[in-house]
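Chemist: Spelled out from the first residue to the last, the chains are:
Protein chains: 4
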Amino acid sequence: MKIKVGIIGVTGYTGGELLRLLINHPHVEIKKATSRSNSGNDVTQVHPHLDKEISLIEDEMDIEKFITGLDVVFLALPHGKSAPLVKEIYNKNVRVIDLGADFRLKNLDEYKAWYEVDHSCPELVSESVYGLPEIYKEKIKEKAIIANPGCYPTSVILGLAPLVAEKIINLDNIVIDSKSGITGAGKTLTQQTHYPDMNDNLLAYKVGSHRHTPEIEQELSILGNTNLKINFTPHLIPMNRGILSTIYTNANIALTNKELEKVYVEYYQDCPFIRLRNKNNLPQTKWVQGSNYCDIAAIFDERTERIIILSTIDNLVKGASGQAIQNMNLMFGLDETAGLKFPGLYP
Amino acid sequence: MKIKVGIIGVTGYTGGELLRLLINHPHVEIKKATSRSNSGNDVTQVHPHLDKEISLIEDEMDIEKFITGLDVVFLALPHGKSAPLVKEIYNKNVRVIDLGADFRLKNLDEYKAWYEVDHSCPELVSESVYGLPEIYKEKIKEKAIIANPGCYPTSVILGLAPLVAEKIINLDNIVIDSKSGITGAGKTLTQQTHYPDMNDNLLAYKVGSHRHTPEIEQELSILGNTNLKINFTPHLIPMNRGILSTIYTNANIALTNKELEKVYVEYYQDCPFIRLRNKNNLPQTKWVQGSNYCDIAAIFDERTERIIILSTIDNLVKGASGQAIQNMNLMFGLDETAGLKFPGLYP
Amino acid sequence: MKIKVGIIGVTGYTGGELLRLLINHPHVEIKKATSRSNSGNDVTQVHPHLDKEISLIEDEMDIEKFITGLDVVFLALPHGKSAPLVKEIYNKNVRVIDLGADFRLKNLDEYKAWYEVDHSCPELVSESVYGLPEIYKEKIKEKAIIANPGCYPTSVILGLAPLVAEKIINLDNIVIDSKSGITGAGKTLTQQTHYPDMNDNLLAYKVGSHRHTPEIEQELSILGNTNLKINFTPHLIPMNRGILSTIYTNANIALTNKELEKVYVEYYQDCPFIRLRNKNNLPQTKWVQGSNYCDIAAIFDERTERIIILSTIDNLVKGASGQAIQNMNLMFGLDETAGLKFPGLYP
Amino acid sequence: MKIKVGIIGVTGYTGGELLRLLINHPHVEIKKATSRSNSGNDVTQVHPHLDKEISLIEDEMDIEKFITGLDVVFLALPHGKSAPLVKEIYNKNVRVIDLGADFRLKNLDEYKAWYEVDHSCPELVSESVYGLPEIYKEKIKEKAIIANPGCYPTSVILGLAPLVAEKIINLDNIVIDSKSGITGAGKTLTQQTHYPDMNDNLLAYKVGSHRHTPEIEQELSILGNTNLKINFTPHLIPMNRGILSTIYTNANIALTNKELEKVYVEYYQDCPFIRLRNKNNLPQTKWVQGSNYCDIAAIFDERTERIIILSTIDNLVKGASGQAIQNMNLMFGLDETAGLKFPGLYP
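Protein chains in written order, with this note's numbering: chain A, 1 to 347; chain B, 1 to 347; chain C, 1 to 347; chain D, 1 to 347.
Simulated from the structure, these hints should not be mistaken for lab results. Cβ coordinates follow ideal geometry from the N, Cα and C atoms, glycine included. Some hints could be false.
[As the list claims (entries may be wrong)] If you want the footprint, here are the derived chain C segments under chain D, 3+ residues with CB under 8 Å: (1) 62–75; (2) 211–217; (3) 285–293; (4) 331–345.
[As the list claims (entries may be wrong)] Capping the alpha-carbon separation at 25 Å, the derived lysine to any residue pairs in SDA-like fashion look like this: (5) D:187 with D:39; (6) C:279 with D:39; (7) C:167 with B:207; (8) B:187 with A:342; (9) D:167 with A:303.
[To be verified] Some chain C residues well away from chain A (every beta-carbon gap over 10 Å; in silico): (10) 92; (11) 222; (12) 238; (13) 253; (14) 279.
Chain A on its own, in the form it takes in the complex (with noise of 0.2 Å):
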């Protein structure tokens, strides 16, 4: 018995790559989906590149009638567009999982403070996990609503876990530094993101602004059992895909490479998306292009006592849409890997 999915905001990037993804899944059904500018038209309308893949009318927004008959739900929306709808969602005894914002932060004043909204339900929040598997499998196991890290979050936490759950680092004087292709940008128009103005092109933005600042500290806090502040600039790099997070730690102890490489070899051992690399093999954006996977290298530098890590991901995969598949497959006790063990796309 196939598990019956419907999506959300289908039309952006992230939905047409959930489709990209879902449509081989051994154990998947697509059933509906929808979005506000589409409905009534085929989804390769906006999506060509899945023609002859699927044929599929994108249904009214009509929440009730839209989730009857499914399994899950899968919510590709601008924060706060998602609170609401998980919560007709979950009362209806539908999983879903939400790649939007609205319940990755844990406090809501928090969240008010970066999202400039209240939310709309806050009882939901502790009925829902941060959908991080490498991190929560068991949690997201037993949850109903998974809140899908953010694409930032995913590259920095994954690359940072190891060493501040084992108090390798000083955790006052974190540098995140982190560079991201433009569709993390997403599909709506704007003068930067037009080809011309960013082809060749590099920047920063929101510097000590952006909100997955504190989306980052909310997890490494968890993990260190501290309360943690972070530097965190992210750039507009001219690609398509790809994150490539740098970040620079204080070391708490003198450690060789190899002792290094251990402590991630370890914590990682059981997670079959996680590729470590290292110092003669540094990670490379184009390497995880189109894939689940996160590549992470991790440097002790002896000059300065520091420990440079470097951490990629493909933005729309395992920043979006391959780690909400990924949850998914949690949720429903399948395989981890299920519809996603494959390479990615080189060069």
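Add chains B, C and D to chain A, keeping to what the hints say.
Modeler: Positioned in the frame of chain A, the structure of chains B, C and D alone reads:
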């Protein structure tokens, strides 16, 4: 029982693409691989995106030993290098799919004129078939040697075949303007394909002298039962994958765009990898990126009574490794689409 | 005494390019600029690369006030918007260089057919000259209204002019395959020119229906003293600047490549911005990036007795703002190259 | 009287850029050029964008003959190759601007440790000056040997100098995350900089071991009158030109963004090529493309009490050839901006 596969010349882009596609092929076991530069090392050393997907130490190149136990060998070698190996493999009753140029031209004088070498085993040319499944499906099932088509010819012949076969166009005046991503030029380093020289740049090359010219002429002449000549101009485009061939022809008869579309629909009705587009939905290379599809639109221009055809493929998939696997499927009595039925990566 | 210049429509790419080029023009003083979106602000707000090079607060749009004290006005506006302004400027005896399309077509029925509007001041069309200095140098010196050519037509007409004028080619069978960088599509946001949709992508558009078609036909017909039709297919290339037009023609006479080159050398002997290339030195768009050069190679293909011409320009310079300044130089009796004699940016 | 200039190592990107910039320099005559690979040929053979702008046959390399009649020589050579030539040129009383690394490090043990060769003329190191005009303007006017700074150090030192000099930051905890376009890796072919391997890709390299590290440490230590160590991580970005250095520091004092900006305004008040940006106007590499500007923004992050600095240059201009010419101007008593006062190319 799985087909036991070996790959010779595995380090190039088409070699890597064969691995990527065969890893998840349901009826294939990748048994062996070899190359000049990497023997003794794992294939993931030069194809890091395949890490955790495959582990395969490359053999030293001893052809007799190499083919023992194999059902089929893929050759991804420069022209002139395949022919002697094909002979040895053929003589041992192992099937062979040659992604190089050595068996594409049936007229050996043409081969010598364009490739500037004598063919080393002319007696086998008639044992081979030009491996374009949309045209030679039945022959491919019977032959032991497949001459896998060139990337440009694949896009061009598929774009023109219905019109040539149905005698809708004047065969004296075919102009082919092809544009290719840079992986088409291979992995070998050149100044022209050095990143700074190629980025944000655009050029034609080998005007009137590209070796895919006689290949296109041969196949169109067979289809049209004539002896035609074409103009073919290849261009390099600053992108990785994809070919767009823009083809200009004179219509023999006046016909509507509807009628024109019907010619293609009928001609390609049994072809799972052909997707027909039209004037309002012109093909884009990114729509086929990473997939085995060939997207085609033919447009009748009333002002000039010409037909303009646009044909797109991913040069490494339908233009090379995907087509090779499609051929393998046919050779071994499998469904043509086995292991190849997935959408491309977009955007 | 410096020429006092005003720019209307200064916020677009061609507006920014006019500023960039005029800032260092030895005989120009940029007096005024205006636009719909930025009046009251400094031009560097939308052109941050010009910071510290110029400071100029944009005027409100009041045409009478605007032109007071000016010697010449550059118009960089969408078609249909220029004509009424040109009339007012002309009536005040100020010269005007229109970078838009309104005065390019001499046949107003053609204008209406292709642009789908009536011309608002047909009486001034005969007062204007098509501003291609390599062909109309003398007329440009005498006229008060310059219709600055389109980017594609500039590359195409310069590529073909010697052959058409010298009657070396058959005028019934001209195929023009043009490729443009994305600045050619302007600064207006569209899904197609959103970075992720355009990066690593390639497409043809407006097949048989691009508005530069009648402009090319008009000028080639005048040169050839006939009434010809062409096939013109524009393509979008993932790069910022540059046009490459690949032009296919039938030779009327057999001629060597040497002889062919001589035709061009003689025709363009007094043209400082034409650079002739050849078969072994095919033009690349990056070689003209940022400069006012047009690089051309013509090749006789013996196999097919066709001549293939490759013509490259920077669409924002020789295809727009640079050519506009070249026209201004001629209008004011200056050396054609004043302010334009510099190499492009490479790589 | 014009300055008579010679260039050794003219075929690389910085050589081409010297030509591009010197061609229109009002006080320079380019007399001679040479290189290992192109002697006897015109410089436009390897720099086709300079066609019609310059014609200059490259000399054979005979240093004594070469410098005869010259006022200054630019050296654009790999490290270790400059030092012996500098000695010969210096001994003939010709001034020399070395774009390579040989005279940048004052501590020869450091030079040996990082460059793994002995310095071939240690006695001349004290005769040279580190050619960063914003800091060493007066010394540059007096010295005969200029050690032109590295591209990364230029962006980093200019970004930090005011804060280090004014003791506003803690010098123990400086993290520098630099991103460079691919021309920074030079013209030499490598697999990593082959177009398909680099396009749409992103990576860090030489983590903790890049040779620009001691250069940055030397200059910041001098400015801060201390002996500091930094973390420096370079990255390759899929674009041609541009460096963005994102620099993380701990503030010693609380200060507003206004106050912070004032520190920079005062420090750089006499520096024509420094443009100060801010939080709402963050620097982008394309804004400096092709120009000699360095754009800088410094931001005080209240949450973490850190200062984040963003500093952008064109690595081939302010990071190499433009800065070399700025140094030449100072050496010969010209205005610092002679030949360099033009905007970059955008977009």
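Chemist: Against each hint, give a clear statement of whether it holds in the structure.
Modeler: Hints, one by one, checked against the model:
{"no.": "1", "hint": "62–75", "verdict": "violated (count 0)"}
{"no.": "2", "hint": "211–217", "verdict": "violated (count 0)"}
{"no.": "3", "hint": "285–293", "verdict": "holds (count 7)"}
{"no.": "4", "hint": "331–345", "verdict": "holds (count 5)"}
{"no.": "5", "hint": "D:187 with D:39", "verdict": "holds (18 Å)"}
{"no.": "6", "hint": "C:279 with D:39", "verdict": "holds (24 Å)"}
{"no.": "7", "hint": "C:167 with B:207", "verdict": "holds (23 Å)"}
{"no.": "8", "hint": "B:187 with A:342", "verdict": "holds (23 Å)"}
{"no.": "9", "hint": "D:167 with A:303", "verdict": "holds (23 Å)"}
{"no.": "10", "hint": "92", "verdict": "holds (35 Å)"}
{"no.": "11", "hint": "222", "verdict": "holds (33 Å)"}
{"no.": "12", "hint": "238", "verdict": "violated (7 Å)"}
{"no.": "13", "hint": "253", "verdict": "holds (43 Å)"}
{"no.": "14", "hint": "279", "verdict": "holds (30 Å)"}
Of the hints listed earlier, those the structure fails to meet are numbers 1, 2 and 12, in rising order.
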